[in-house]
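Undergrad: All chains, full assembly: derive it from the sequences and hints.
There are 2 protein chains.
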Amino acid sequence: MTDTPWIAVDAMGGDKGLTVMLAGVAQARRRYDGMRFLLVGDEAAIRDGLRQHPGLTANSEIVHAPDLVASDEKPSQAIRRAKTTSMGVAINLVKQGRAAAAVSSGNTGALMAMAKLALRTLPGIDRPALAAPLPTLGDNDVVMLDLGANTEVDARNLVQFAVMGAVYARATMDLAEPRVALLNIGSEDQKGTGEIREAAAILRDASGLPMNFTGFVEGDRLSRGDVDVIVCDGFSGNIALKTAEGTARFVGDLLKRAFASSVRSKIGFLISRPATDLLRHHLDPNVHNGAVFLGLGGIVVKSHGGATELGVATAIGNAAKMVRAGLTDRIKQDLSAIGQTA
Amino acid sequence: MTDTPWIAVDAMGGDKGLTVMLAGVAQARRRYDGMRFLLVGDEAAIRDGLRQHPGLTANSEIVHAPDLVASDEKPSQAIRRAKTTSMGVAINLVKQGRAAAAVSSGNTGALMAMAKLALRTLPGIDRPALAAPLPTLGDNDVVMLDLGANTEVDARNLVQFAVMGAVYARATMDLAEPRVALLNIGSEDQKGTGEIREAAAILRDASGLPMNFTGFVEGDRLSRGDVDVIVCDGFSGNIALKTAEGTARFVGDLLKRAFASSVRSKIGFLISRPATDLLRHHLDPNVHNGAVFLGLGGIVVKSHGGATELGVATAIGNAAKMVRAGLTDRIKQDLSAIGQTA
Numbered sequence: 000m001t002d003t004p005w006i007a008v009d010a011m012g013g014d015k016g017l018t019v020m021l022a023g024v025a026q027a028r029r030r031y032d033g034m035r036f037l038l039v040g041d042e043a044a045i046r047d048g049l050r051q052h053p054g055l056t057a058n059s060e061i062v063h064a065p066d067l068v069a070s071d072e073k074p075s076q077a078i079r080r081a082k083t084t085s086m087g088v089a090i091n092l093v094k095q096g097r098a099a100a101a102v103s104s105g106n107t108g109a110l111m112a113m114a115k116l117a118l119r120t121l122p123g124i125d126r127p128a129l130a131a132p133l134p135t136l137g138d139n140d141v142v143m144l145d146l147g148a149n150t151e152v153d154a155r156n157l158v159q160f161a162v163m164g165a166v167y168a169r170a171t172m173d174l175a176e177p178r179v180a181l182l183n184i185g186s187e188d189q190k191g192t193g194e195i196r197e198a199a200a201i202l203r204d205a206s207g208l209p210m211n212f213t214g215f216v217e218g219d220r221l222s223r224g225d226v227d228v229i230v231c232d233g234f235s236g237n238i239a240l241k242t243a244e245g246t247a248r249f250v251g252d253l254l255k256r257a258f259a260s261s262v263r264s265k266i267g268f269l270i271s272r273p274a275t276d277l278l279r280h281h282l283d284p285n286v287h288n289g290a291v292f293l294g295l296g297g298i299v300v301k302s303h304g305g306a307t308e309l310g311v312a313t314a315i316g317n318a319a320k321m322v323r324a325g326l327t328d329r330i331k332q333d334l335s336a337i338g339q340t341a
Numbered sequence: 000m001t002d003t004p005w006i007a008v009d010a011m012g013g014d015k016g017l018t019v020m021l022a023g024v025a026q027a028r029r030r031y032d033g034m035r036f037l038l039v040g041d042e043a044a045i046r047d048g049l050r051q052h053p054g055l056t057a058n059s060e061i062v063h064a065p066d067l068v069a070s071d072e073k074p075s076q077a078i079r080r081a082k083t084t085s086m087g088v089a090i091n092l093v094k095q096g097r098a099a100a101a102v103s104s105g106n107t108g109a110l111m112a113m114a115k116l117a118l119r120t121l122p123g124i125d126r127p128a129l130a131a132p133l134p135t136l137g138d139n140d141v142v143m144l145d146l147g148a149n150t151e152v153d154a155r156n157l158v159q160f161a162v163m164g165a166v167y168a169r170a171t172m173d174l175a176e177p178r179v180a181l182l183n184i185g186s187e188d189q190k191g192t193g194e195i196r197e198a199a200a201i202l203r204d205a206s207g208l209p210m211n212f213t214g215f216v217e218g219d220r221l222s223r224g225d226v227d228v229i230v231c232d233g234f235s236g237n238i239a240l241k242t243a244e245g246t247a248r249f250v251g252d253l254l255k256r257a258f259a260s261s262v263r264s265k266i267g268f269l270i271s272r273p274a275t276d277l278l279r280h281h282l283d284p285n286v287h288n289g290a291v292f293l294g295l296g297g298i299v300v301k302s303h304g305g306a307t308e309l310g311v312a313t314a315i316g317n318a319a320k321m322v323r324a325g326l327t328d329r330i331k332q333d334l335s336a337i338g339q340t341a
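Just so you know, the sequences run in chain order R and U. In case it helps, numbering that gives the first Met the number 0 puts the first sequence at residues 0 to 341. In case it helps, numbering that gives the first Met the number 0 puts the second sequence at residues 0 to 341.
Because the hints were derived from the structure by calculation, they are not lab data. Just so we're clear, the structure is a prediction, and the values are computed from it rather than from any experiment. Hints are supplied without guarantee of correctness; some may be wrong.
Where chains are identical, the list cannot tell them apart; a pair therefore holds if satisfied intra-copy or between any two copies.
In silico DSBU-like links for lysine-lysine, alpha-carbon gap of 30 Å or less [claimed, not checked]:
| no. | residue 1 | residue 2 |
| --- | --- | --- |
| 1 | Lys255 | Lys190 |
| 2 | Lys255 | Lys82 |
| 3 | Lys255 | Lys320 |
| 4 | Lys265 | Lys255 |
| 5 | Lys190 | Lys73 |
| 6 | Lys94 | Lys255 |
TA: Here you go:
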């Protein structure tokens, strides 16, 4: 059991609290083999909660942390309490090498700031980026980055994001040569900012890497399934991600309103319930959970604040895949390869 | 009839060609009062097509233009043929004062370039912007700008976009004080780029204008109906617009797939058909058609390339509303007001 990796879980973070976090860890233990858990937070509360999950006790240890990062706490404030908060202690377990990855459903800004400070940026990476899997019509999700860590970027940053995104796609989605594209406002060569065009030129020449650069992708093709990694600055990425989430909810709300508009439609809704349930499942953020802060000297996974038991388990499963794939080392390798070709 | 405005219509532009354009003009004539039309394009073909629309003949004149702007033609190329193409001639009719507005379903880049060259930017406007109405859950559409005319902008540009967007919302949606917000990646004051924060500061102080600046809006709230005008740079605006379109189509495709997944679901679909038709109508781009290039010395409306008869009529109706509201003069007025307060 010495080779079984430990995953540090911030047991206190997230809107739904300890009970859902523990249930998520327990589900992850049942769904994925070969993981052990460091449950970080209030020791008495965790011990109490574990009574509901006897199977988990043998595969976990509790690491006490008396404090909690608030959901509206400023990153600069959270950093000062890194030694006593469940989030800070979970990240520190990765730094100390006791855990192979940390997972938290807490405050994103605080998590990014603490992770960056504790784990440092990898050599060869100028700026880390936030990446997450999104649903598509295709066989696998699409990984998008950066989703908000860097408001402004240069061509070099975008190229590094592409390399990291491709490693993430290979690690978590079992793709040998992920198709990588840059988000742009047109598909022609002369479209977009100078940074994007320059990044495209570098990626077109970087033939030695296990990825397939396919050029530009526009906002209307994010979910078509014809690309595996979408690279962009953190401002547009955040806008695109939230617009996609908001539009999916908008269409869902319109559909609900339409189904409620007549007795006939209500009956139709009841009969087609399995279909709308299928739709809901496909779009459920808990099925695609697990944003990751790429480019650091350790793996830190951000689960949705509102993640359910399923969502927490999915995020932990993603963390385990990254650990097993040796994500951090593979990013280092690919970066040195592009350093030679670019 | 001397006061009845003339609308110049590029009868040849758009993916669906002359027949749909003429049918759209005919529908606009029936739906909206007090408009006359200058139908620009191949005279013989238009005369022939008009036989299907006897009611339109009395309210229109044909203006011959032998050439056509191709859908993939570069703007720089199209400009050189402005005197002979239906698009170029339609814009020139506005310049000459013979038409109060021009409407085209043709090549967007070419239309913007020709309109800017022929009609010039309004005094006080540094850069024109592309604006369009999008569907929401609320009582009216939301106007979004810029949608791609300006890849990079400064605070001054954003403030001018806000003023123009508010005038457009008052003119086309009968709102006395439109709620205006800046697109951003968070709602807190310190979020986003320096340009956005600076624009917010100026708009917060500009209390004399008939608009209500509500701060920042994130991508997930575009269609909630709690804001009437959303202001952003052309890169993020284009990404957000296309992501919204793509996601709506994605959810629709998933829904179709889900409905087709079992006999029970197929039956449910048939019964709830009126509900899904209602949804389709609400999201139909033809119901919200009519992007406009704001900030020029004349009104130029861009209809979707694939606009149907309904879409063309909607775009023409929007053009007529802008003409009646005296859009161009009102932009000039509001700009001078913000010049005094800012």
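Undergrad: Now, for every hint given, state plainly whether the structure supports it.
TA: Going through the hints against the structure:
{"no.": "1", "hint": "Lys255 x Lys190", "verdict": "neither (39 Å within a copy, 34 Å between copies)"}
{"no.": "2", "hint": "Lys255 x Lys82", "verdict": "neither (47 Å within a copy, 51 Å between copies)"}
{"no.": "3", "hint": "Lys255 x Lys320", "verdict": "neither (37 Å within a copy, 33 Å between copies)"}
{"no.": "4", "hint": "Lys265 x Lys255", "verdict": "both (9 Å within a copy, 18 Å between copies)"}
{"no.": "5", "hint": "Lys190 x Lys73", "verdict": "between (37 Å within a copy, 12 Å between copies)"}
{"no.": "6", "hint": "Lys94 x Lys255", "verdict": "neither (47 Å within a copy, 48 Å between copies)"}
In this structure, the hints that do not hold are numbers 1, 2, 3 and 6, in rising order.
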